[in-house]
Amino acid sequence: MADTDTRPQRGVGITGIGVVSGCGRGPEALFDAVLAGRPAFGPVTRFDVSRTGTGHAAQLPEVHGLASELVEVIGGALRRARLDRDAEPSGVVAQTPVLLAVHSDLRIADVTGQVAEGIAERFGSQPPCRVYTGACVASSTAVADGAAHIRAGRHERVVVAAGYLVEPDTFAVFDAGRALSRDGAARPFSKGRGGLLLGDAVAAVVLEAVGAARRRGVEPLARLSGWGGAGDAYHVCRPRPDGEGLARAIGMALRRAGAAPEEIAYVNANATGSPLADPAEAAALRRVFGDGVERLPVSSTKSVHGHALEASALLELIVTVLALNTGRLPVNAGFLEQDPECRLDLVLGEARAARPGYALSVNSAFGGANTALLVGAA
Amino acid sequence: MTVGTGPVQAVSEHTHTAPVGSAPSVSAPVDSAPVDSAPADSVRWQSGSWDSAPWESAPVVSAVRSAAATDSLRVLARACWPEPADDGAAPPAVPGFIVSSFNPLVIEVAERCLRQVFGEPPAAEPRRAAGVGILLASAGGDQGTARALAEAVAAGARVPPLLFFQSNPNAVLGHVAARWGLAGPVISLGPAATGRGETPEQTCRLSLAEALTAAAVLIGDGDAREALVLAVEQGTVPGAAGDRAVALYVAGDG
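Chains S and A, in that order, give the protein sequences.
Sequential numbering of the first sequence, starting at 1, is according to our numbering.
Sequential numbering of the second sequence, starting at 1001, is according to our numbering.
Chain S extracted, bound-state conformation (with noise of 0.2 Å):
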């Protein structure tokens, strides 16, 4: 794409991304998963999960506390953004505010404590300035907040990171809402689809303003050109079936980055597996691209890194920004058979070649929650 940006000031670009995940450690495992379609899910052995009607996760054979993997994991994104210590030494690190999206629980409020106490003492970075509670678009929303915050020219640039890693009360919880999948695979947008399945994520990005970060001679990794949040105003828990705030939201992030649907190269869905809520989002997507939604191609890679709650949308951004990078979109895996009510150009068995676009990751969330994040070529 070419930039055509008139305000390079404000443009808002992704210079750095640092993620661990079910699938291993580092973007290049994750990708190479979810370009294979090959399912990190295993039996959880982390905890006993006896009791429960599926005994199934996405699980990091070896991890550490959730607190010291969000400290290395961003770490390994201010690396990749050049903004470690070595490379700048001005003090630019310890001016970059973190949002953090992890789980609210009763271990919250130690979490966010040692991850503040973690970055002050290896990048002498404030304390995280925000924490994001909202389940599935807990870091979407973080993410949008801040490039908000770039755009208005408040920070030029800020790190948004989350982490979820499975954990036997959100386990257990999930399996007594029937939410999770009793057959050990998660089948978004299939026929005979049964509930999703949890995963490990930490992942963070560092957000810059292009100037910005072309002034540090470093070339963004792609640009966040769009995003957008509207709430359902339908139920508690259950998506409103015809889609219409996805819809909007999407619309939004559209208008944001000045883009038209058929720009759209290639859309990562939010679809864990679940029966009423993957024929919303595809009524989303037909609402927004119209019959066009039957050529654009379309993945949910919660089939290969299972649902990461709070850190799901951050991990599947970074997805995104891999496809568009590399060309190369993901495989929606786990499908056995076309649902009628999710008619979408799925990618099945392979990694397919995107064409010349815009990619999309959508995420919707408990309250009726969207967002939409849209990346663009840097």
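Treat the hints as calculated values from the structure; they're not laboratory data.
Mixed in with the good hints, there may be bad ones.
[To be verified] So the derived label-pair ranges between C-beta atoms look like this:
#	chain 1	residue 1	chain 2	residue 2	range
1	S	Leu348	A	Arg1179	37 to 43 Å
2	S	Leu276	A	Arg1179	19 to 25 Å
3	S	Pro43	A	Pro1084	54 to 60 Å
4	S	Ala152	A	Arg1179	30 to 36 Å
5	S	Gly42	A	Glu1120	49 to 55 Å
6	A	Pro1126	S	Pro340	43 to 49 Å
7	S	Arg38	A	Asp1086	55 to 61 Å
8	A	Ala1093	S	Gly124	47 to 53 Å
9	S	Gly184	A	Ala1090	41 to 47 Å
10	A	Pro1126	S	Gly290	22 to 28 Å
11	A	Leu1162	S	Lys191	26 to 32 Å
12	A	Ala1090	S	Gly258	30 to 36 Å
We put the CB at the ideal spot given by N, CA and C, even for glycine.
Given the coordinates of chain S, assemble chain A onto it according to the supplied hints.
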């Protein structure tokens, strides 16, 4: 813009002594919101559970002033729990929400605030309501639900299915959004950069300032034109005795 010259707020800089009504009044309320009917003197608040009206505290005043100055944010309505008249009562139970006072608190304080703006639910004009975001900040989150879940798991007991959706703060915001037809962004925030050892009352004020700042960013960026801003903290004693909640309804100048 400087404070006092534009659509700037309404919140007294005096933290303990000035009556709310003597501060520059809350700017032109939408739909005749009766904000001035809020209890109007600190003596009344001190006889209730707050030591002063929660929106008069320094962090909230500072956040409102900053939002007003940078984003021209106006406060159109405000409510809290408990108000002096609540006199030790628990917030009304809400069907579908169990175990914890957190969700009833969110619903009750949102209801008090939104009634000032819209009267009866749903909010009158769908077009306007589509631009109303809902933001909730809570440092402690839903302690009652989290504790009930952790105890059930530790004991190997059955986990009540209702805890599934209730285990995330977004869910109750979906209840408020659906009841009132508010279709802007839905945002839940966790602990602000607080220290440790604050009372629920102090924490609630810091959380409100946090949510207000986030609302200013949201409105300034154009994803919402107005917002219901909520801060809720549960007391340390189960049974709602120390629970605190505050709601502000804010609007940009667009």
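Verification of the hints:
The hinted range of 37 to 43 Å is satisfied by S/Leu348 and A/Arg1179, whose Cβ atoms lie roughly 41 Å apart. For the hinted restraint 19 to 25 Å between S/Leu276 and A/Arg1179, the CB-CB distance of approximately 21 Å keeps it satisfied. At about 56 Å, the beta-carbon gap between S/Pro43 and A/Pro1084 stays in the expected band of 54 to 60 Å. Look at S/Ala152 against A/Arg1179: about 32 Å separates their beta carbons, and that is inside 30 to 36 Å.
Distance hint check for S/Gly42 and A/Glu1120: the Cβ-Cβ separation is about 53 Å, which falls inside the suggested range of 49 to 55 Å. One distance hint, 43 to 49 Å for the beta-carbon pair A/Pro1126 and S/Pro340, is violated here, with the actual separation near 31 Å. The hint said 55 to 61 Å for the Cβ distance between S/Arg38 and A/Asp1086, and at roughly 57 Å that hint holds. Restraint check, A/Ala1093 to S/Gly124: a C-beta distance of roughly 49 Å satisfies the suggested window 47 to 53 Å.
Take S/Gly184 and A/Ala1090: their Cβ atoms lie about 44 Å apart, and the range 41 to 47 Å holds. Checked against the hint of 22 to 28 Å, the pair A/Pro1126 and S/Gly290 passes, with Cβ atoms roughly 23 Å apart. A C-beta distance of roughly 29 Å is found between A/Leu1162 and S/Lys191, which places it inside the suggested range of 26 to 32 Å. A C-beta distance of roughly 51 Å is found between A/Ala1090 and S/Gly258, which places it outside the suggested range of 30 to 36 Å.
In summary, the structure is inconsistent with hints 6 and 12 from the numbered list given earlier, while agreeing with the others.
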